[in-house]
Amino acid sequence: MKNIVFYLLVLLLVSCKNETTKVGSKESNLTIKTLNFEQLEPYLHRNDDKTYVVNFWATWCKPCVEELSAFEKLYDNYKDKDVEVLLVSLDFKKDVETRLMPFIKKHDLQPEVILLDDVKENVWIPKVDETWSGVIPATLIYNKEKRSFYEQSFNYEQLINEVQQFLN
Amino acid sequence: MKTIKALGIVIATIVLSAFTMVGDGYKVGDYATDFKLKNVDGKMVSLADFDSAKGFIVVFTCNSCPYSKMYEDRIIALDKKYKSKGFPVVAINPNDPNASPKDSYDLMIKRADDKGFTFPYLFDDGQEIYPQYGATKTPHVFILDKEKKGLRVAYIGAIDDSARDASSVGIKYVEEAVEALIDGKDIPNTSTRAIGCTIKK
Chain L
1 MKNIVFYLLV LLLVSCKNET TKVGSKESNL TIKTLNFEQL EPYLHRNDDK TYVVNFWATW
61 CKPCVEELSA FEKLYDNYKD KDVEVLLVSL DFKKDVETRL MPFIKKHDLQ PEVILLDDVK
121 ENVWIPKVDE TWSGVIPATL IYNKEKRSFY EQSFNYEQLI NEVQQFLN
Chain C
169 MKTIKALGIV IATIVLSAFT MVGDGYKVGD YATDFKLKNV DGKMVSLADF DSAKGFIVVF
229 TCNSCPYSKM YEDRIIALDK KYKSKGFPVV AINPNDPNAS PKDSYDLMIK RADDKGFTFP
289 YLFDDGQEIY PQYGATKTPH VFILDKEKKG LRVAYIGAID DSARDASSVG IKYVEEAVEA
349 LIDGKDIPNT STRAIGCTIK K
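Protein chains in written order, with our numbering: chain L, 1 to 168; chain C, 169 to 369.
There is no bait here: all hints are sound.
The calculated PhoX-like cross-link candidates involving lysine-lysine, where the alpha carbons are at most 25 angstroms apart (straight line), are:
#, chain 1, residue 1, chain 2, residue 2
1, C, K283, L, K62
2, C, K278, L, K62
3, C, K317, C, K195
4, C, K340, C, K283
5, C, K237, L, K62
6, C, K195, L, K120
7, L, K94, L, K105
8, C, K340, L, K120
9, C, K340, C, K251
Hints listed in this document are in silico derivations from the structure and should not be mistaken for laboratory results.
Only chain C is shown next, with the shape it has when bound in the complex:
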């Protein structure tokens, strides 16, 4: 009997670990981890530092991906619009500069300066944070809603429905989601998809 129980536990452990391996990364409704990553100003940044924030627009993005570049101005606009309403942008570069030299920390500093980023642009040094979130590409957005229990993942996906052409955007997914959180309403689209660049490992 004992052996059967033990076997059961072993099997359950294997099955569970298989699931966590396959379904790695957050789903909408999960609680997200905080982190401590180096910003382009040299300081370490954690989400816990933002006392007055009601949530966050976490954007995995980089210097080199054309899709990321097409969205830079729109990401700045999001930060300008929602920082004062309690939802600042926090950008994270998940790429390994050894695999993608254009995404080095020094070039991040340059890019943030050239574009006038109004938000932290953090370096996922060692690539420990993006796999926990389950980011697969750049750009990839995770909207977090601050609750008593922690940072609930409220939205995963694209910034809007027209990456290639800012002038033909129909639905601004991130704005729609943040507005819904501010108003205490349900988010119409909690996950969306767009083309993006692979995260370089």
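If we strip away everything but chain L, and leave its shape as in the complex, we get:
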């Protein structure tokens, strides 16, 4: 009997993995994809003509929140230049509706936000980049020719400087 309960629990957990959380009133219609690392990985290896800027952050991370405006500005100014911005949130699953969603609404975040919910950090951190110690904020910039990883905070000028190197 105990076994059955356990398997049901596992099944329930697995089936919850790739869910999308919806919140708020009909007009706001905000959704956040929740992915494990295997599901996120294709977003880190797209092979088209665009340049991708992937920022790892969380609402609980003060330096992350401070640099978000640089990424928003990048999104606004470079969306016509084949630059895509993706914000990978490392917020805790339990905080999605109480913290992450309200944060996105309050700051009217335009770039796509994906929640990475995967506890096996020692496995996936080096898969993002071999040099990453696990500190956030951290940012990956890549296109099909070039790939750089930054374990640091950015201001807008620094960010543009890096992104430009991918566009020329």
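Please build the complex by placing chain C on the supplied structure of chain L, with the hints as guidance.
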């Protein structure tokens, strides 16, 4: 000839200093420095004070980081389990309170009291110790093994493989490493990674 030699020495010095600058902090196998830092009880603490210790579980942690908070109970459990076996926990707050007011010395005292820390919780006043160790985040663990030559860094990394959820831990990296040291065996994972908060400067 002399000038070439001199030039060689200059170049070698530049290269070496560049390396020490880039690779700052300890690697597994290096020998760690001792320190003298103020504990939450007001006393100064050094690793040399622990005569009977066989080694140390040095944890860079703080009051404010959610990842540190998630690990507080597990750090207390580590100290309770391994202090008597010769590997006490020594926690160090590396954050500058000017940059992170929640990590002030006074609030460290409060946190240690609220949580009932069984181990020293030291303040890296002036931030001189964490760069020597090469801690980059909180929490960040360095396990030291006491040898005749000094304190050898035996493990660097995370406490276990599931920060966010204590109930789904698969491998307890720190326990695994300390047990191996106690048994005189090789440590299976000598360095691991986890998400953490930047050290506030």
